[in-house]
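*Asks:* This is what each chain is made of:
2 protein chains.
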Amino acid sequence: MNRLLGVFLIASAAFAQENPAAQAAHKWRKQHERAIVDEFIALLSIPNIATDRANIQRNADFIAKMLEKRGITPKLVSIPGANPVVFGEIRTPGATRTLVFYAHYDGQPLDPKEWATPPFSPVLRDKSLEKDGRVIPLPASQFDPESRIYARSAGDDKTNVMTLMAALDAIRAAGLKTKSNIKFAFEGEEEAGSINLGSILDANKQLFSGDMWFICDGPVHQTRQQLITFGARGITTVDVTLYGPRRELHSGHYGNWAPNPAMALAQLLASMKDESGHILVDHFYDGVEPLSDTEKRAVANAPDADRDLMRELWLGSTENAPRHLADLINVPSLNIRGMASSRTGAGASNVIPSTATASIDMRLVKGMDHAETARRLIAHIKSRGYFIVDHDPSPEERMSHPKVAKVVVEEGGYNAVRTSMDLPISQEIIRTVESARGKTVLLPTTGGSAPLDVIEKALGTRTIAIPTANHDDNQHTFNENLRIQNLWDGIELMAALLTM
Amino acid sequence: MNRLLGVFLIASAAFAQENPAAQAAHKWRKQHERAIVDEFIALLSIPNIATDRANIQRNADFIAKMLEKRGITPKLVSIPGANPVVFGEIRTPGATRTLVFYAHYDGQPLDPKEWATPPFSPVLRDKSLEKDGRVIPLPASQFDPESRIYARSAGDDKTNVMTLMAALDAIRAAGLKTKSNIKFAFEGEEEAGSINLGSILDANKQLFSGDMWFICDGPVHQTRQQLITFGARGITTVDVTLYGPRRELHSGHYGNWAPNPAMALAQLLASMKDESGHILVDHFYDGVEPLSDTEKRAVANAPDADRDLMRELWLGSTENAPRHLADLINVPSLNIRGMASSRTGAGASNVIPSTATASIDMRLVKGMDHAETARRLIAHIKSRGYFIVDHDPSPEERMSHPKVAKVVVEEGGYNAVRTSMDLPISQEIIRTVESARGKTVLLPTTGGSAPLDVIEKALGTRTIAIPTANHDDNQHTFNENLRIQNLWDGIELMAALLTM
Chain B
0 MNRLLGVFLI ASAAFAQENP AAQAAHKWRK QHERAIVDEF IALLSIPNIA TDRANIQRNA
60 DFIAKMLEKR GITPKLVSIP GANPVVFGEI RTPGATRTLV FYAHYDGQPL DPKEWATPPF
120 SPVLRDKSLE KDGRVIPLPA SQFDPESRIY ARSAGDDKTN VMTLMAALDA IRAAGLKTKS
180 NIKFAFEGEE EAGSINLGSI LDANKQLFSG DMWFICDGPV HQTRQQLITF GARGITTVDV
240 TLYGPRRELH SGHYGNWAPN PAMALAQLLA SMKDESGHIL VDHFYDGVEP LSDTEKRAVA
300 NAPDADRDLM RELWLGSTEN APRHLADLIN VPSLNIRGMA SSRTGAGASN VIPSTATASI
360 DMRLVKGMDH AETARRLIAH IKSRGYFIVD HDPSPEERMS HPKVAKVVVE EGGYNAVRTS
420 MDLPISQEII RTVESARGKT VLLPTTGGSA PLDVIEKALG TRTIAIPTAN HDDNQHTFNE
480 NLRIQNLWDG IELMAALLTM
Chain F
0 MNRLLGVFLI ASAAFAQENP AAQAAHKWRK QHERAIVDEF IALLSIPNIA TDRANIQRNA
60 DFIAKMLEKR GITPKLVSIP GANPVVFGEI RTPGATRTLV FYAHYDGQPL DPKEWATPPF
120 SPVLRDKSLE KDGRVIPLPA SQFDPESRIY ARSAGDDKTN VMTLMAALDA IRAAGLKTKS
180 NIKFAFEGEE EAGSINLGSI LDANKQLFSG DMWFICDGPV HQTRQQLITF GARGITTVDV
240 TLYGPRRELH SGHYGNWAPN PAMALAQLLA SMKDESGHIL VDHFYDGVEP LSDTEKRAVA
300 NAPDADRDLM RELWLGSTEN APRHLADLIN VPSLNIRGMA SSRTGAGASN VIPSTATASI
360 DMRLVKGMDH AETARRLIAH IKSRGYFIVD HDPSPEERMS HPKVAKVVVE EGGYNAVRTS
420 MDLPISQEII RTVESARGKT VLLPTTGGSA PLDVIEKALG TRTIAIPTAN HDDNQHTFNE
480 NLRIQNLWDG IELMAALLTM
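So the protein sequences, as listed, match chains B and F.
Just so it is clear: in the first sequence, position 340 is 339 by numbering that gives the first Met the number 0, and no numbers are missing.
Just so it is clear: in the second sequence, position 468 is 467 by numbering that gives the first Met the number 0, and no numbers are missing.
Hints in this document: simulated from the structure, not taken from any laboratory.
Source: prediction; values computed, not measured.
In this list, chains with the same sequence are indistinguishable; a pair is considered to hold if it fits within one copy or across any two.
List of simulated lysine to aspartate or glutamate pairs, EDC-like, C-alpha gap at most 20 Å: (1) K402 - E311; (2) K402 - D273; (3) K402 - D305; (4) K130 - E395; (5) K456 - D210; (6) K130 - D391; (7) K112 - D51; (8) K381 - D273.
All chains, full assembly: derive it from the sequences and hints.
*Replies:* As structure tokens, then:
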């Protein structure tokens, strides 16, 4: 544990017991650790890639049963071709507002070969894999708070299906009551870009309506302090493929003559961003809305975890230095998420590759439009002399243009949103979270691109993101994990929010 | 068949019967097509990646038996840790010179998943896969000359073990005699950079000595005309890995702050070459020896296949245009042979990659030193602000430098060589080849980087490259193949050379 962490954990512990529902959750959890983890592991054992329809259905059915077990009548709400949203509701007599708790049960695509243990066979390790954590048996009762559960979606985002269900159990065991109407909405294709969520909500406005949607997703602050984010980055993802010779060619016989698509891709990508991190696509930053004074203050007050993070991540420099991470999250980004051409390593051979591909995700901030941002990137590629197609180019297309790029904008882009921190309900949420979890980091924007925009547009509601997972949960990559203490903290947090 | 091809094939057919040994080979082959292909297929069925020692030994033993069957006592010549060179010898009474025929029996590394049929289960197709060729049974006697054998090393370079053995059979069946002493040297690690060949030859100078080494390797001209090349490009291969965060990070939460190694690699690679194809590494072109007048004339006389090749390869432009391929082979090149970072396609996820790798092969021409060229590339990387290591960098190395690059120069680099076309023996070889194969394309340099330099240095001999395979044989990549007519032509060609 680093120095910063130590200070914050002590601060956090001192505050943790003010909220009665959080207190009840704390007590109840201590008596039911194994049962909670058993139920969580059963949920994590069901493969949940959004395209795997049969298993997605199994997940939805399992979560429906979790609700049913708690006396809530589940609904699987869908449209043709979509994965169902699992819905549940608690009507509270006399309540004057409705709070909706959102989480998603699908997970990022993966390559099982990269995982230390299979992604859908959850295991407990005594500490993180990076600290050489070993697989240990589940204890009968008390879990080491530093132990971690390894499985796809342990952190992102079956976590919050579990924290909400366990929080409900705890509240009821303590005889506490909800004050607001409560709804649950568990999505099954967030990692596929929530491409159907807007239509599902549109078709069921009444059912899903609420005064506030809590987006229970994402990691807490790197200092391990609780985090509330009042918005999220938008996203658009663009795949670019460039073409060399029809077939891979011997690089000795054709090198210098046949165009190399890997080099062309390098030149194209390098034209998009300078070495300090500034994006060179024309008009990329146009329309970005500046932060309000409250938001600027929140960013300035956020703990500076950069130095510790650099040590943790073995970094000798950062992009856009000297600006800090908490600040840079409010600036749009252009990221190469993957790049491939021919083979490297032991399988490499002396060829001119036939194609080269890069997948680029652009994270947007308020004021940018996802479709327009994708169009600006395409215009940039065009300005570099490329003939643009959205399909595998035909031989004729390849032969009749000096440079051809296949550019595919992935479905499921959305815009960034920000809810004002100054609203009365925002202030009430901050107080509630702090009463359960102590000193809290407030940020205008989470780095993750949750479908806040889609939800706000469909329902005219507001959204605030409440994360639970550890920051080093390897979400979106292999060996995803959840630190047990984060699971416990999340239950206390959700108990407080469910009773506000 | 394109227009150019048509013209050249007619020309070729008209010349083909002048050489008595070639005539004998033609006749003999027509009666033994199936037997030749059966023996070839048996040879191709033995996996032959240089690192697969057990199978390399099986190849060597099989080739030794092929020699033995022809009354030649084989020797497996090696040094500790090396793959054996299979040696054989025909002593000709009264001969005043020795001709050495070199081929290699190892093949390029591969990924079997990329192959239409398994690389070591040879099949015959009625035409090329690109023309939707289908697997057909082996005919009992007459093969369609346009049919092709698909297997690793069908074209590169078990081909010439087979053409030489079949040519020997044909000469003997016709009662023809060799005039020179003949030696065979079949190498087992050419595709691994011939890293031990120099030491093996050094330790066995007498055994391998000869007046001329024929490097029987590589493809014929793209017009299908016979090709003689009087030298070969040198090569050095350099693998570069750049580093981002220790683990892949969520690109929403860290994009703009954590350095992206894929973008850094794109920027680094783009700094090595401009968009017209000129290499920007300092001193890269220093010391290049210009072509002689004869060589320049040969290049100018070489048929221009560029336009047909562009059509065949679906190219809308070429690098270094308007210069031609035959010209550009005499210029050094820098080629990205493979590039990888994180994942693309269905497995892509929204991460900042942890590493990015490119493998670069540089093809050298006479006057350049392979080790010095690699040093110049490393100096270039250094000049871009990178701290260079030759191993996986430690966390401390990564944290104490803003930019770290692992740069590994592969073993087995060698320099380019060129034998003068004006030597009497060069002229005699040209006459012999033309008497067997008709109009012949002469080039100062083959694109392939055969170990001519290693052989010349170890033995003080001369080398000339005599290719056999079709130009579109997919050598070095998946679905490697040999067009049957090229096998037949090669047998006639080798018969002529064996009897000169």
